[in-house]
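J.: Given next are the chains, with one letter for each unit.
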Amino acid sequence: MVGRQQSLVGKIFVHGVLIILAVTWTVPTIGLLVSSFRPGDSVLASGWWTVFRNPGEADLTMDNYRVVLGIASEEERLEAARLGGAETINLSAAILNSLTVTIPATVIPILIAAFAAYGFAWINFPGRRFLFIAVVALMVVPLQIALIPILKDYIALDLSGTFLGIWLAHAGFGLTLAVYLLYNYISTLPRDILESAFIDGASHFTIFIRLMLPLSLPALASFAIFQFLWVWNDLLVALVFLGATPEVEVLTQRLLGMLGAFGTDWHLLTAGAFVSMFFPLVIFFSLQRYFVRGLLAGSVKG
Amino acid sequence: MENARRDGSGSAGILGWIGTNLSRLGVSLFIPVVTFVILWRVFIFLRDAAAPKWVTAIVAIIWGVGGALSLFFVANLVIEQLPDVWKHRLTPFIFVGPALAILFWYLFMPTLRSFYASLFDATGDTFVGLENYAYAFTSDAMLESFRNNLIWLVMVTGFSVGFGLLMGVLADRTDPRFETIFKALIFMPNAISMVGASVIWRFVYEFRPPSAEQIGLLNAIVTGLGGQSQAWLLLQPWNTLFLTAIVIWLQTGYAMVIISAAIKGVPAELLEAGRIDGATEPRVFFSIIIPYIRGTLVTVSTTIILFTLKIFDVVQSMTGGNFGTQVIANEQYTQMFRAFHYGRGAAIAIVLLVAVIPVMYYNLRQFAQQTEAF
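So the sequence lines, in the order shown, correspond to chains H and D.
Letter by letter, the first sequence follows residues 1 to 302 in the working numbering.
Letter by letter, the second sequence follows residues 1 to 374 in the working numbering.
Because the hints were derived from the structure by calculation, they are not lab data.
Incorrect hints may have been included.
[Unchecked claim] Among chain H residues calculated to face chain D with C-beta under 8 Å, some are:
#1 18
#2 29
#3 115
#4 118
#5 150
#6 169
#7 179
#8 204
#9 213
#10 233
#11 280
#12 281
Note that CB positions come from ideal geometry on N, CA and C, so glycine has one too.
Could you put together the complete structure from these sequences and hints?
T.: Structure representation (C-alpha cells):
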C-alpha cells in the first residue's frame, strides 16, 4: 500500500467532499421527515430547519400520522380539515391495497419465471434456443406499448380495476427480465448435481422443486426484492389498470391525488409520503445486500 | 439421453407432428388459462362480496399465490399419467409454456396491436395511414418532448455517472465503515417511489412570494444569499433541469454502487506499477482506472439512458407535463388517457419502442460480457 499513503491534507479533502455530498443527498429527505412531525400551522409559517435552531422548544406532533392513517381523534381530524385537508386522506385502505397488489404480483412472475428458466436451461426440446431468444428480445418492448391493447382486453373481460388484472399485468411486464436473470443463474449451477438426480430416477418436476428452487434462493431473493419494490413504487401500471376504481387505489395513486388536491398541506403530504416509503426503507435497511444486488440486476426493466 | 428417446418416435409422419405440437400448445395454455378462469371467477365473487376489506385482501393474496403454484402441480400430475413418449414431449412445455403464453398475450401481441392501432384515427375506426406518425414527429407537444427527453438523457446520464464516479473513487480511499454508511445514504433514494421523491422535491422547490418567509429549502437558500425567491417549476426553460435534479438524486446511488465495485476490481499490481513509474494520482485515475472500468461505465450509462427515455412518474407528479416540461412517455399517457386519441398514443409508443431497441441491444450485449447478474 505504498502508493496509497495519503497526506493528512488529502485525507481531510476526501472526507470533506464526501461529507458535503452525503449531507446534500440526505437533506431533502430530512426535510420531509421533520415536516411530517410538525403541526400544519408551523409547517406553513416557517422552514423546517428552524426546528434545529431551538430543539428544546420545537413543536413536534404525531397528529399528521394519525390523520393520514385514519386513526385520528375527531378533534385532530377537524384541525386537519381547518387547514384544508379533507377527511378522505385516510391512507390505511391504500396501504392494504398496495400489499394486496404487490405480494402476488411479486410471487406469481417469479414462480412462472423460475419454471421457465429451468426449462430453458436444463431440458432439451425442439425450438428451445429460438424461444429463449424470443423471450429476451421482448425485453425491448416498453410497457407503454401494452397499455391500451391490454386495457381493451380487460374491459371486455371485466378485469379492469381488479387485483387479478394488475397481478397479471405486472407478471407480464416483469417476466422477460425475471426469466433472463434466473436463467443466467440457474444455467451456471453445476451439472453433476442434476445428473446424479436423474440417475436416481427423479423427474424434472421433482428436481426443480427439491433441488433447483433451494439452490436458486439467492437469485430468487434478489429478484423478489427488486420486483416487490418495482410494483410497490409503480405509478403508471396502477393508474392505467386500477385507475377508475377508487376502492382498489394503491398508495402511489393516493399520493399523486394528494399532491394534486392538497398540494399545499405539507404536513399531511409529508406524512403520507413517509408512510409510502416505510416498507421500502425497512427492506432497504434490513436486507441491504440482496436489495442492492436485486436493484442492480433489475435496472434495465422496461 | 432424452433426445434419443424422442427422436425414436420421429417417424410418425405429418399427423404425428401436428398432434405433438397441438398438445404442446395445449399444455402451454392449460395452466395460464385454468388459473386465469378460476382466479377470475373467484375475483368477481370477492369483489361483490361484502366482507371486511382486510379479509378480502388476505383471501386475495393467498388465492393468487396458491392458485398459480397449485396449477403447476396439477399440470404435472396430469402429465405423469401419460405414456413415456408423450411425457417427454410435453414436460418442457409445463415449464416454459406458461411464461410463453403470458408474454405472448402481454408483450408480443400488444406490439402488433399497437402498430395496427397507430394506423387508425382516435377511435380506431378510420384508416389514416401515417398521419399519427406525422403527429409524433412534427407536433409542438412531441417536438417539445423530444427536446426535453434529450435534456433528460444528457443531464441525468452525465451527472449521475459523473457523481457516481467521483463518489466511487473518493469513497474507496476511506475507512470501510465510513464507506458503507456513505454509500447507504447515497443509495437510499433508490428505495422510494418516484411519487414519494416528487413530494420531497416539490417541498424543496416550494415557492412563497418574496416578501413572505420561505418554507422551501431552495428559495430559503436563494433569499438567504440575497436573491429573489422563484417559482422554480414554472420557470421555463429551466424547470426541466429542476426535474432532472430529482432523477440525478435517485440514479447517482445506482451508478456509484456499480462503478465502485468495478474500481475495487482494478488489480492492485496495475496501480502499483503505475505509481512506481512515477504517475501522479490524476494520471493513475485517467490512464489506468478509467480505461479498466470503461465497460462498466458504458453499461451504467446505457441503463440510465433507457431509464430517461421512458421517464414518466416524476413529470406526471411534478408538473403533469405542463409549463414546457412534457416528455415522450407522459405525452403518450396524455394522448391515451386524457385526449383518448388511441391512434396517436399507439404511434408514440411505437416511436418509444424504436428509440429503445438500439440502446437495449447494446446494453444487453455489454451486460452479458461484463457481469454475472448476481
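J.: Failing hints, ascending?
T.: 9
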